[in-house]
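Asks: Here's the letter readout for the chains.
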Amino acid sequence: MTIHLSILIFWPLLLAVLGGLAPRGVAPLFAVVGAFVPLGYAVIMLADFDTGAAGLQYVTDDAWIDELGIRYSLGIDGLNLWLVALTTLLFAASALWVALRPPVRAKLFAVHFGIAETAVLGAFVAQDLALFVLFFDLMLVPFYFLLGQWGGPERVAAAVKMVVYTLVGSLLMLAAAVATAVLASPGELTFALSDLRENLLGENSQKLLFAAFALAFLIKMPSFPFHGWMPDAYRNMPLPVLAVFSGVVSKVAAYGFLRIALPLFPEAVADWQLILLIIALLSIVYGSVLAFTQTNIRLILGYSSIAQLGFITLGIFALDPEGRGAQGALLQAINHGLVVAPLFLIAALLAARAAGSEDLRDMGGIATRAPVLATLFMIVTLATLAMPGSANFVGEFFILLGVFESELAVAIIASTGVILASVYALRLYIRSMHNREGPAVTSFDMGLRDAIVLVPLVLAILAFAVYPQLALEAGEGAVQAVTEAVAR
Amino acid sequence: MSVTTYGWLVLAFPLAGTILIGLTWRLLPARAHGILGTLAIALSFAAAVLAFFELESLGEEERQVVAVGWNYAVANGLDAKVSILIDPLSTLMMLVVSGVSMLIHLYSVAYMGGDRGYTRFFAYLNFFVFSMLLLVLAANFFLLIVGWAFVGAASYLLISFWYRRTTATQAGIKAFVINVVGDVGLVLGTYFIFRGTGSLDFLTTFEEVGSAFGRNDGDLVAGCLLLLVGAFAKSAQVPLHTWLPDAMEGPTPVSALIHAATMVTAGVYLIARMHPLFEQAPVAADVGAILGCATLLIAATIGLVVTDLKRVIAYSTMSQIGYMVMAVSSAAYAAGMFHLMTHAFFKALLFMAAGSVIAAMAGTQNLDRMGGFRRAMPFTFGCMVIGGLALSGVPPFSGFFSKDEIIALLFAREDWHVVLGVLGYVGSFMTAIYTFRMIFRAFSGEPVTEARELLDHGHLYHPEHPTNPMTGEIEDTDVGFPGPEHHIAEREAPMKAAMGMLALLATIGGAVQIPSVNEALHHFLEPAFHDSRFYEELEPSGTLTIVGLLIGSAIALLGIFVAYTLWVRSPERPRALQQRFAFLHRIFVNKWYFDEGIDLLVVRPMAWVGRFAASTFERTFVNGALVGGTSGLVRLGSAAVRRVQNGYLRYYAALLLMGITTLGAYFLISA
Amino acid sequence: MNLTWYLVVSALIFCIGAGGVLVRRNPLVILLCIELMLNAANLALVGFSRAHGNMDGQMFALIVMVVAACEVAVGLGLIVALFRRRLPIDVDELRELQG
Amino acid sequence: MTPQAPKIDWEALSPLVALAVGACIVLLVGLLRGRFARRHLTPALTVVTLGATAGLGVWQWGANTSVVEGALAIDDLTLSLTMAFVVGGIAAVLLSWRSSAAEEAGEGEFYALLLSSVLGMVVLVAAQNLVALFLGFELLSIPLYVLCATHMRREHSLESGLKYLIIGSVGSATLLYGLAFLYGATGSTDFSGIAAAGAELGDDVLFLTGIALVVAGLAFKASVAPFHQWTPDVYEGAPTPVTAFMAVATKAAAFGVMLRLFDVALIDAATTWGPALATLAAVTIVVGNVGAIGQSSLKRLLAYSSVAQAGYMLAGVVVSTSLGVQATVFYLFAYTVMNLAAFAVIVARERETPLGDDISSLYGLGSTRPLLAWPMTIAMLGLAGLPATVGFFGKLYLIRAAVDNDYGWLGAVIVIGSAISLVYYLRVIAAVWMRSPSEAPVARVAVAGPRGRPAIAGGSHEADAAAPEERRVTQLEVIFVAVVAAIATIVFGIYPEPLFDLARDAGAALTNLV
Amino acid sequence: MAEVLFFIAAIGAVAGAVGTVSLRNPFYAVLALVCHLLALAALFLLLRAEFVAAAQVVVYAGAVMVLYVFVVAYVGGSGEPLVVAGGASLRFASILFALALFVELTIALVGTGLSALETEGAGYAPGFGTPAEVGALFLTKFLVAFEIASLLLLIAAVGAVILARRRAGLGEPGEVSVADVMRGREITASDAPAGSMLEAAGPPKR
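As you go down the protein sequences, you meet chains A, X, C, W and D in turn. With the numbering used here applied, the first sequence covers 33 to 520. With the numbering used here applied, the second sequence covers 44 to 714. With the numbering used here applied, the third sequence covers 299 to 397. With the numbering used here applied, the fourth sequence covers 142 to 655. With the numbering used here applied, the fifth sequence covers 143 to 348.
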């Protein structure tokens, strides 16, 4: 019983509120502090985490609402340890980025930003179904404001579309969660995952409820064909926000599959496996193909995310005995977050060099006077296309191996996704950095305030590429537990 | 120090060089980086040499040493470690790679002198060497794949080194994507093998393979074929070869190093390395051999007609690698590696010479516009001829021994491999022809303006505008384009040194393995192939060898003679021949329509699907049916509700009454 | 004379009243129709009270009369107010609020 | 025969007495000459009365007695709902303090009517026999008819009054006829008697038809589709404080009586009316949410939303378990605080801008008036049922109750409804935060009074007196209501335990349920 | 004998109801309602509800209706054409629904298993329906109802006053508002609703 996780998740909120009350000027400072302390916490946790031990660590478990059997129970294990770290890292980076370029009404921005981090972290560490759902739905609110107030031209419409579309899933999940708890509770109603895992439902109700959860997660990812909200949202969301949104929020969905769906509905998962694999496959191919037809950088990255999350879904539902697929999915979730965030920030820099345009057709030749930017961008690009030697490749290697063992054909088709990825990623790089200069391009290298954010992120990517073992070891036990649950 | 330590050092130096150059890109003057890079490789080479001796000092059977650096991805029953394997095979490769690389670095120090991207060039080049050595030293599939992809990336970076040339970037992405195809093949192949042996480590796998798979076991064959996909993509074998000719967009040293000497031979190395698997899956091996043979003929035919200097050499590279693949796939391992080595020498040499010529031509590579450089650039001419003789296998040059060794072993292999041997001779005939066609057209005949400029005024030809030789579009000389002082034919010392060195090697390189005289290489490599079924047995009889050598030299000389008659004696003859064999000529000129085929089968459909998805599907289904449909439904309902809410009190009352009635009806019915 | 008759009559009156509310436009008359409905209820109540022989129904009926009176008072007050504001005494004209 | 005077438990009866007496006093004080007395004393006294009622209610908590020959039951259900009425009442008083609606009606009368309406609600939910029920019903309605019309300068007000009166009377007539049938079928006016008789009556036609009519009558009061149509018009036309009061208190009363009647008197017919009510609930949810989309008048929008909310709460009634009762009561309170916050903001904006209750009156609120913007935002998020607001747990609780009693599909309908509702709730939030005042259409002043005063429901003289350009007079009490309600929404969204306890006691009051 | 009386009264009641609904002139409608009420009183008597009957005549037919008559006179009961805004469709629908409802109710009343309805009613109990009984009940069982009813009356009165009393700024149709005179607008009888006092008085003298 420790308070650490509570501090970890509520610190940003606290600072956000304080920042809201503080005088206008210092608000960004509050945001930075609010984002960096959790980062420190997470780093310490990484060091302190006991890889060998099974089960949860840093557990907090208090009664919250007896009436509904909802407990305030948090915990860290192999599944969420690194995702928490990733979250704190990306939020810290993004907060710093914003603090160095304060937007209008920075105070309000900081408030929503803090709420967002709290919600995401909460969703990651929650060990109670209702608590998870609560944070999962809460996540959307701050992003609605961030998109709606600081977004691009059609921000309001995009924001409404995003929230409504994704909440349709989330609310169904809410109902499903309640149903699960009510049906599964032995006596007293309980939402505690540990209890729910113990007494599972009948196969039919499992199928129904799993469908609700799956829908919610697939929409959130987003996964083909439920990505209708994505283009508008991505086109209009402010880039630093988009960095964390695309980097982290989508991972909550993937994590949800591992934490909630697989353990609670094993039989349903077994029945729906092929369907979900096919959805994942379609996401990979469709996302990749669209990614190399788009010219708007945000959309290229958006569709590439669809493909990447397709891979993650693929891994989760590989359900191979060793749990390689899930292991890879977990790793890939971290990797994708780690690469997509800097990419969005770089996109901001590119736009700054292409007279504000985010369209590839207006770019080209930006590398000429920006060697540092070009190098960082190149590293991130290669990581994105899962070049062997990057941690992303390790992730995909595990995923594909997992699928290869359960569904050979799927694996072989999916591997074309790797090829397509190399096409759209390089296309993005070449058409922005290489070739003849675009008409409005003025090439200049990145400044200190860009480097201070981007370089650490890229270093993180490199470090991860050299030694992914750490994350794998942490995840191994937990992942196997999950997959065994399904196998049983 | 132990042999593995040297192995790590071999890896460490180039990497350190890359990082150092990268970090000091602003601190040191450009030239310093050139020297730094060369130095790094030199050290690496030294380490390789030491490793060689260290290895020699070990006993026959413990000449396969594995060293584990750290666990890379050891989880869920997967054993992907950072571990290197030092054995004669990898050592030979180390030596060749680091050695040739060193010379080419040296060459580049001068050749790239005028380029604005000088520092970047050496960073890339060092990175490439590191990757190549990683590939060579990898002790498990995972690391092999890593190195494999790294060299691919390095080659991409160097191909599109002049990144503001659209032609260059296109060539780059083409090369990269095809290489990724290879990587994927390698990965999937690994899966198949891993499924059987349950380990990624080479030596474990090789031990397991016998017990894990039966002969020609389905999984194993599939795995090996997929490995071949990887090998072919990297070694530009049919049908995954189309990237290599385009890769000539890169600076000439790159072509020399990557696309002639080292990277493209990785496939050969892979097959040799995986020999236990291929011997267990002969079907796959045969496929390899046949495709290799096909490649060598196709490439040679194209080489006969291409008019681009560098591309001629590129195609000849393809065809030579075809020999090697054919060799290692038919268990002539030593011969294959031998040819790999000699080829590295003379092909690098040829490229350097070509680079010198191209420099003199101010970037132009078209043979039709060349001529008469013999007196203008004697040194280059000399090198070119030596290289040419070696390539076309004229005794006593290195190529002669290696190539004929291969063919001899093919004959020794009996049954249908004999056919391959015969075709090998056909290939070598064509080789001799196109090689000397190239040489004659570039050096003999009336000096062209550029040559004359060099002869009469002793300085290089400078066009008023730098242009892209492919498209002829005007360029500046800033970063991303060739620099202003980019024309330094054979002037500078480092170039001469490098070329001279290679010329020497190309001449005497064959000495290491002369049939029935000196079997050094064969013995040296033996420990690496101790588990091979053929290595010992496959031994051509003395007479066969002698006959082979004689036929080989005869064919080569004949080829040279033909070339001489055609392009020196009566230059109008080729035109006539073209008329005669118009059909063949068209096929050859269009490179057997491979690009078109791939474009038709892969690129176009993909693009079409993409356009369809982006324009139609996204709108009609994803946003139309799913989003628009539901929202439309809701709006409709909203409209309906608000129409009913029309403000007429009596309407409300009516609805009230209706509600009451229906409710009453329901209750009556349920009663 | 059994009680069903009385009740059927009350039902008839109730429905006439209800129908009246729908067809008339003058709020005064609509109020009258509502009175009809209430009286129908009264008749039913008294009838049932007779049937069960307990007084509750009758008491209820008396209370209803009071209520009816109150509704009338307020209703008429409203109509007067409308008239004062020079608003048309016609429910079909009063449809500012809609949609 | 000399009738034996019934013994009366004055303690238990005290809350009602307080209200009645308070009403009379306020009425009398309203007759005083002094402007101060009328303007400020009457509302103060009203608040005091309501406070006293609440206090007495707390004092009587847990007594669970039935008074005056079992005519009324003063149990925790009654008292808890009384609290809801009191909250709504106090809010209404604060919102109408210094408002022109009250002034036009004459403060004394205005507040007296308010109080008597509250009394009617208490009687309604406490009633143990049909007579008391009907009387309570009327006592709650008739004052409201008047209150709706009090803002005479706007014909909207009168129109809404008339519509409410006529439809309402039809509704109560229907109810009455239904009650008559119940009495006829069971021969008793007491719930207990009806329940007893209902046990053997089973599905007698007369009995069921009676139920049908009663359902219709009550459904009308709770604005359940298809008996909801008066709601938008009346809500829009009535003075905003009155609308707020109607929205929260009336709804609470209607559901209170539903709980009593259906879950006590008619429980044996549950198998029959259950599905009917469930269907009505589903229809209501859809109609309400769908209707609210694209409304530009905030009051209208909230009216439709209240229809939808009624649908949610009806689900709680349908399941007819004590869990359902608890869920309903809990949601009633959640609904009360959330709506009060929203209406308070609307009142404030009506007084500040010439735009009335048009959604454009909220434009740019976020940057200029955080104290109004946040309450509005929180209220909307709460009504949409998003986490960290009490609305979230309300929905959770309702769904849980529904699923618990095999009405899982109703739970699904609830969430789908909430999903649709987001469209218009988010629109309001967007208006608050994401639009600039410049986007607002040119001031569309509602029918101007003779002094060129924009006569807006809930408008205030201080506000109107100020010159149009700097009409910045927001009475503090309005902001106070908004902020308090918003805070309650959040606090109960994080620590709902107190509300749960209250709901649990209320549910326990209906002893006959599982 | 009772049957005869019943039929007379019932017919009277229904006829009155129909008259109320269908007569164009509100004034006549009111009178029709009075007839209806008297007939109803008779029915009450037949059902042994003397006091209710009496109250019906005195309170209802007497007091309440007088109120009506006054208002009609004040407002001017302009008979409206019976054409319905919703057109014939709504009217047809409403009649249809009314009929349907009637059918349902009748089914309920006839189909019920309640035996008492088949009889003349329960046996005669002494004092059933007498004022004494009523009074006693009002003071005992229905005490609450009684009190609340009284309060309700008070509130209704207050409400009526609020609504109907004069107000500054709200023009009185009977009077000429100064503003109108200033605007020099010609006040004509046509401005006043038909049947109002202004109409009777005609335009003001200048």
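If you are wondering where the hints come from, they were derived from the structure by calculation, not from laboratory data. Don't take every hint at face value.
Heads up, simulated SDA-like pairs for lysine to any residue below, C-alpha to C-alpha not over 25 Å straight-line [stated by the list, open to error]:
1. W/Lys148 with D/Ala203
2. A/Lys139 with W/Ser579
3. A/Lys139 with W/Gly203
4. X/Lys634 with X/Gly415
5. W/Lys148 with D/Glu289
6. A/Lys139 with W/Ile149
Note that the coordinates shown come from a computational prediction; the quantities given were computed from them, not determined experimentally.
Asks: Given the hinted pair A/Lys139 and W/Gly203, is their alpha-carbon gap at most 25 Å?
Replies: violated, 48 Å
Asks: Next pair to validate is X/Lys634 with X/Gly415; report whether the Cα-Cα distance is within 25 Å.
Replies: violated, 28 Å
Asks: Would you check the hint for A/Lys139 and W/Ser579, treating anything up to 25 Å between C-alpha atoms as holding?
Replies: holds, 23 Å
Asks: Measure nothing beyond the straight line between the CA atoms of W/Lys148 and D/Ala203; if it is 25 Å or shorter, mark the hint as holding.
Replies: violated, 37 Å
Asks: Under the criterion that the straight-line Cα-Cα distance not exceed 25 Å, is the pair A/Lys139, W/Ile149 satisfied?
Replies: violated, 61 Å
Asks: Regarding the pair W/Lys148 and D/Glu289, is the alpha-carbon distance no greater than 25 Å?
Replies: Holds, at about 15 Å.
Going through the hint list in order, the structure does not satisfy hints 1, 3, 4, 6.
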